[in-house]
Amino acid sequence: MQAKPNIILITADSLRANHLGCYGYPQPTSPHIDQLACQGVLFEKMFAPGIPTQPSHTTIFTGLHPVTHGVVAHGGRAKLARGTPFLAEMLLDEGYATCSVDTLFRERIWFGRGYEYLIDPSLHHLFYASVTQEELNERAFHWIKTVPKGPFFMFIHYWDVHYPYVPPERMRGLFYNGGNPTDRDNHALDEWWDHPVGAMARDTWLRTPSGLITDPNYVTALYDRELRYLDEGIAALEDTLEKQGMAEDTMIVLLADHGESMTDHRIFYDHYGLYDCTVRVPLIVRWPGGKLRTGSRIAPFRQLSDVMPTLLEAAGVQPPDDLDGGSFLKQLTGEEEPAGYDRVIGLESTWQAKYYLRNDRYKFILARQPDLLGNPDRELYDLETDPGEIHNIAAEEPKLAAEMETEVETWLAEKLEATGQTEDPVRKEGAVAVAIWEQHRV
Amino acid sequence: MEQEPQKKNSVVPDPPAKPDPQGVPEEPVQVIRPEDEAIVVERLRELGYIE
Chain E
1 MQAKPNIILI
11 TADSLRANHL
21 GCYGYPQPTS
31 PHIDQLACQG
41 VLFEKMFAPG
51 IPTQPSHTTI
61 FTGLHPVTHG
71 VVAHGGRAKL
81 ARGTPFLAEM
91 LLDEGYATCS
101 VDTLFRERIW
111 FGRGYEYLID
121 PSLHHLFYAS
131 VTQEELNERA
141 FHWIKTVPKG
151 PFFMFIHYWD
161 VHYPYVPPER
171 MRGLFYNGGN
181 PTDRDNHALD
191 EWWDHPVGAM
201 ARDTWLRTPS
211 GLITDPNYVT
221 ALYDRELRYL
231 DEGIAALEDT
241 LEKQGMAEDT
251 MIVLLADHGE
261 SMTDHRIFYD
271 HYGLYDCTVR
281 VPLIVRWPGG
291 KLRTGSRIAP
301 FRQLSDVMPT
311 LLEAAGVQPP
321 DDLDGGSFLK
331 QLTGEEEPAG
341 YDRVIGLEST
351 WQAKYYLRND
361 RYKFILARQP
371 DLLGNPDREL
381 YDLETDPGEI
391 HNIAAEEPKL
401 AAEMETEVET
411 WLAEKLEATG
421 QTEDPVRKEG
431 AVAVAIWEQH
441 RV
Chain Z
1 MEQEPQKKNS
11 VVPDPPAKPD
21 PQGVPEEPVQ
31 VIRPEDEAIV
41 VERLRELGYI
51 E
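Protein chains in written order, with the working numbering: chain E, 1 to 442; chain Z, 1 to 51.
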């Protein structure tokens, strides 16, 4: 038994929690991930305080809320301050061998901090998200087998369930129950073509020799096939660890930076909008040598800002004092009872400029500028009666909506004061992708 | 707070049976050509999504 565990942090980009069997999906999309959950601990209410990829990963690696670290937008202007403690850097300082099998550092340089080895097989593709789990695993397994002489930290960033959804040929036929994928009379996706990402899909990965894919059920099946393919990759990783005799000493943390909207809320196959399909994420921890309370599910609210301090504690490293997140390690082992937050407040500033407040009963969404879909600037959902967040009751419950809005604004004012900021970063950045798109349309 | 024990080492099922192709329209074949991927990159770059 090693004194310090190996840690493999896995992001499955755009993996929607409730498309996994262990989160209740009825289709067998994830048998190996489900087994991982049975052998470890699953978080029922893990939330991303910032979406999409760049804000969320900055939170994962710093333990800070996006309002604190400042990276609120994907492709925004803010940079992570150089002095901000970063997970990989801290583990490197503690003697860990560190390796990232990922591409994020090519876009934002701080994602490369602390890694002695940066491996990026997506260089073989024009679009980095086209890299497959097999390409990532091939390099990751080689490194695992040949490099570490002591404890290691590896970050693997899988992109299979991120668009474009082009699963391997052997997945054909799965998860689609008939119909005509290219029916010209099916106009269910027409609205998507007006969005630049939808137009891109129409012009590329949805265009086939038999015609344009028009059936949203088929696109969802493609997503699910990609998930099944990713699931095979997770099984291969586990198998490699087992064969190397490393499984016992290796903590695997599988999570998503954000989920994915299928057609929910008129957001098609993308990851914006602060609804649960996108801000609630899976998080599963397996660590055979860590004496975890295996097979358990932790129900209280937790946030992705809790990941960094948890991994540091597992490595025997004192987390920084001023993090927004807190370690849940002792809850994994049963030394402490499951506990968490009464509420989660999060944001996005890429396709929309909004905040959300989520508690056990309600979701409140507050817009800083109008969105492209024409949604009202205040949305309130009763999740007990309306878990799909369909019926906006802000007008019917104005007192509750006002209270939740005050709660968001008070929290934000306190956070800005504590971090020496004078301006709301979401107002400052706005919806950056929309602004850039509109420049191109002129 | 909730702690629901689950069974360990559950058996991983075989892939689900594929539907009977009789009477079902042929599934389209997705082909991403390099020029398609170039379009994806160009469009996402225009949106500031990638550098």
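I should point out that these hints are in silico values taken from the structure, not numbers from a laboratory.
Ideal Cβ positions, reconstructed from N, Cα and C, are used throughout, including at glycine.
A hint or two may mislead.
Between beta-carbon pairs, the in silico distance windows are [as the list claims (entries may be wrong)]: (1) Z:Pro34 / E:Gly24: 18 to 26 Å; (2) Z:Pro34 / E:Met1: 46 to 54 Å; (3) Z:Arg45 / E:Glu336: 45 to 53 Å; (4) E:Asp239 / Z:Arg45: 31 to 39 Å.
Checked hints:
no.: 1; hint: Z:Pro34 / E:Gly24: 18 to 26 Å; in the structure: violated, 39 Å
no.: 2; hint: Z:Pro34 / E:Met1: 46 to 54 Å; in the structure: holds, 49 Å
no.: 3; hint: Z:Arg45 / E:Glu336: 45 to 53 Å; in the structure: holds, 47 Å
no.: 4; hint: E:Asp239 / Z:Arg45: 31 to 39 Å; in the structure: holds, 38 Å
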